[in-house]
Amino acid sequence: MNAPEKKIGKPMNRVDGRQKVTGAAKYSAEYELPNMAYAVLVGSTIAKGRLTGLDTKAAERAPGVLAVITHLNAPKAPGIKPAGKDPSQPQTVGSALQVLVDDNIRFNDQPIAVVVADTLERARFAARLVQARYAAEKHLTNLEAAKPNAFLPTQAKKNPKSPTADYQRGQVDAYKTGALKLEAEYVIPTEVHHPMELQSITAHWEAPDRLTLYDKTQGTMATRRDFARQWGLPEANVKVIATFVGGAFGNALHSWPHESAAIIAAKVVNRPVKLMLTREQMFTMVGYRPHTWQKIGMSATADGKITAITHESIGQTSTYEEFTESTLGQTKMMYQSPNLTTRYRLAALDIGSPIWMRGPGEATGAFALESAMDEMAHLLNLDPLEFRMRNYTEQDPEKDRPWSSKFLKECYQAGAQRIGWNKRQLKPGALRDGEWLVGYGMGVGTFGAHRGSSKASAQLLPNGTVLLQSAVTDIGPGTGTAMTQIAADTLGLAPEKIRFEWGNSDFAQAPTQGGSAIVNTVGPAVQEACLALKDKLRELAAASNGAFATAKKEDITFTDNHLTLAGNPAARAAYADLVKQAGGTAVTVESKPSGEGQKYSMYSFSVHFAEVRVHELTGEVRVSKLVSCADAGTIVNEKTAGNQMKGGAVGGIGMALMEHAIIDDRFGRYVTKDLADYHVPVHADAPAVEVYFVNQPDPHVNALGTKGIGEIATIGVAPAIANAVFNATGKRVRELPITPDKLV
Amino acid sequence: MAMNPEPDVPAPHDENRRNFLKQSSLLTALALVPAPVVSAAEAKLDERVAESIEKVPLSLKVNGKKYKLSVEPRTTLLDLLRENLNLTGTKKGCDYGQCGACTVHVDGQRVNSCLSFAVMHDGQEITTIEGLADGDKLHPMQEAFVKHDGFQCGYCTPGQIMSAVACVREGHAGSEAEIREYMSGNICRCGAYTNIVAAIQDVKSGGQKV
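Each protein sequence line maps, in turn, to chains R and D. Mapping of the first sequence onto numbering that gives the first Met the number 0: residues 0 to 743, in sequence order. Mapping of the second sequence onto numbering that gives the first Met the number 0: residues 0 to 209, in sequence order.
Same shape as in the complex, but just chain R:
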C-alpha cells in the first residue's frame, strides 16, 4: 500500500466550508432553545459619577416584559468583587468590570439595566422606557489631557524585567548627541475590532447550579473559568460552547459586561436568555485598540548605521484596569542599534477598557518604528530597503541569543521583486499616472512565535473515523482544517476519515485562541494524541493478533474497516472489535513546549510592500497593490494561511486610511456609532493582495516547524502605506488615519 499523500502544506478546502456557505454554521445567538427570552441592555448616558435613581416602572409594565434588572434588584453572584479595587491586577481574560452590582458609572454607555422580554422587539421597546438619574462627576476622555498624568504600569514597577518596564542598552537617549538625528511623534487613534458578528451570548441555567453558555469567545476554558468563579460553581458545572465565532480579532479575549448581564437575566427569569449587542454598543463595552501617542528619536551614521533609538509611548487604559500591550517590543529587537531606550506609560481615561486588537501593541509600535525608519532613510538619501539591510540583525540584540529561525531577508527580496520596487524613486513625488501621484513603501512586522501547553483527545469510532477533540476555538483562521491536516499526516489517514471537533469547554483543555499561537500549541497536541492513539490501537490489536505487539507505529495502516500492518496483510484487527474492548480507544495527551525558548529567540517575521496612488487634487489615497511576505515557519495550509495574510493586510488598510473612533469629550461619548461613521475597508478599498511565504520550518518552536501568522499579517502594513504616501506626495503623515484632509 502506498503511503498517503502528505496533507500538511496542501491548500485543502476548509472542513467547515460547507456549513459556512449554506448557513448551517451556528453562531452564539443562533441556538434554538425552548422558551427563549430576549435581553436588551440599557446604558448610562454619563461617563462618570453615580446613579441616584432608576425608574423602571414603565418598562416593567410594557407588554411581554419578564424582568427589568438593575443593581437594586439583581441577584448577587457570590464570586463577584467590586470593580476597580485594584486596577494593577488586570484580569485580562476575566471580567474586570462587574455590572449591575453598584451605582458607580465608569464610562458612557456602561450597562445600568437589562430588560428581558418574550420577544426581541418587546425587550428593545421596553429598554427605551428605563429612566435614570445621575450625580455626574467631571470625566476625562481625552488622551492629550491625560498625558501629563501618565504612569508606569504597576507590573513594571514591581518587576524591572517586565516587558513594559523601561528598557536600556548602551547609553540613555544617545540619539540626542548623534550626528544625524531624527525626532518625531506618531499617533494612532482609537480603533475598534468590529467583527461582523455582533457580540452575543445565549445563557441557559439548565439547573440552579449548572450553566451553559453559547458565547462569542476566543477561549471556551477561560470563559468557563471566569463565570464559574463569578457564580461560585465548580468548573465542571459550566459549559461554554463557541463552535463558530463570527470574527473577533481580539475583542473576545476578555469577558465583558453583557455576558455577566445575560447570565444574571437568565437566572432571574429562569429561562434561556439571548443577548446580542448593537453595533453602537460594540464601540463602548467590548474593547478597542487604544489611542496611543509615541515618540521616536533615532540617530545614524552617514553610511546608514543606526547608532541609537529612543522609543516612548503613552497608551490609553481605563480607570479600573491597567491594560498593557507590547508597543515597544519590535523596537528592542528588530534593528542593530548599540544604544536603545524604551519607556512605556499608560494614561487612564473614563472609557471602557481596551483589549488587544489584531497585531496588538506591535502593530501600534511598528507604525512609529517603521515610519521612522523611512524618515531616516530619506534623511540619508538611502533606499529604505537598503537602510534596513544595513541594520539587519543576525541574532537577537535584545536577549543576545540566536534566532530560532529568521528568513526576513528572503522576504525582503521576494516582496521587492513582486511589488516592482525598482520603479520606486528616491525623490518623493516623482512618479505619476495622470492625476494620480504614485508611491511605494514598505513596513516590517514581527511577533513572538509563542507556544503554550495544550491537550488533545483522540479515539477510533466503529466506522473507522478518528474523532479528535479540543476546547480550542476557530475564529476564522481555519484551525479545524489545519488540525485535520496534521492528524491526517500523523495517522496516515484520509482527512475525510478524521473528525476534529472544537469550541466546547468540555473537550480536552486548550488555550484561548490569540497571539498567533494556536497551530504552534494545539498542533503538537493533536500530533501527539494521534501517535498515542496509534499506540493504543496497536496494544488493543495485539490482544488478538501477536503481529501487532512488535509492530512499528509507522507500519500501522488504516483501511476501510480494519487496522492492518504495512507488508503484513494477514495482520487484521476490525475496528468494530477494537472499539468494543474494555476501556475503549480514547486517549488524551498533554503537549508542552520544550525548554528551547530559553536558548533561542523565537519570532515570526513579515514585510509588506504597498503601491499607492494619491489624487493630487482631492488627496484621496488608493492602495493599488499590496504584497505581504512572511517567514512564519511551516505553512500547514497554503489556502487558509494565504487568506489570513490577505485579511491582515486589508485590516492594515483600514488602520492606515480610515479607522478612527471619535469621542465628543464634552459628553465622553462616541460620535462614531455605526459603520457609516466608523469606516472599515470594503471591497472597493482593497486591491488583490499578493502573498509570499518562505515556508521554511522552524527547527525549535515545535515538531511541525510552525511560527504563527495572525498578527504579522497586520503588523507593518499601516506604515508601509504611510511610507508609500510619503513617497508619492512628499507629505509625512504621523497621525493615523491618512484621510484626504491631511494631504491637501
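Since the hints were made in silico from the structure, they are not lab data. Treat each hint with caution, since some may be false.
[Claimed, not checked] Here are the simulated lysine-lysine pairs, BS3-like style, with alpha carbons at most 25 Å apart:
| # | chain 1 | residue 1 | chain 2 | residue 2 |
| --- | --- | --- | --- | --- |
| 1 | R | Lys496 | D | Lys146 |
| 2 | R | Lys25 | D | Lys146 |
| 3 | R | Lys638 | R | Lys624 |
Got chain R sorted already, so can you dock chain D onto it with the hints?
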C-alpha cells in the same frame, strides 16, 4: 404594501389605546381579586389584546415554503427570519443596512433584510442562504466560495454569497473593478475580499447558470 381585504383586519398599533385598556376599566374590574390572579389574568389579557391590535397577518414564501404568520409591524424581515422562522443563516451585523450580512433575495432582488419590515413583503417570495442550494447540491457560487476560500469566520458569508449571486445576475460582474464596486455593500472584516472576488470571477467566467 397591499392592504389586507379581510374584515378582521387589525387596527394599527396604538400604544396609548393599549395602555388605556390595560390600566383603566379592565384592571379596575379585577382590582378586588387577589394579586396573583390579577397578574395572571392581566398577562393573559395582555397577550389577547396584543394579538388583536398589535399583530398583522402576513403571507410569505420563504425558500419555496409558504408561511401564514401574524407579526408585529415593527418586526424586521431579518428578525422574522432569525427569531421566528429559525432561519439563522441570514446574519445580523449592524441593523442599519451598512454591512450587508443580512442580504436576502426578495422576488429575485438583493435586499438588506434588516432595513425592511416583514409586513412590507406580504405575498412576496424570499430566498435566503438556506434556499440557495439544490438539495445537497451546492449552488455554483457556494462551490466557488469553498474552492477559493472566500471567507474566514463565515459570518458575512451568507450575505456575500446572496449579494454575489445577484451581482452576476444583474450583469455587474464584468470586471474585477466592477465586482468590487457592486459588492461594496457587503463588508468582510476578516478581509477575504481577494478570494471573494476570485470566486465571483470564477462563477462568472464558468458560465454556469446562477
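Can you list which hints this structure breaks, lowest number first?
none
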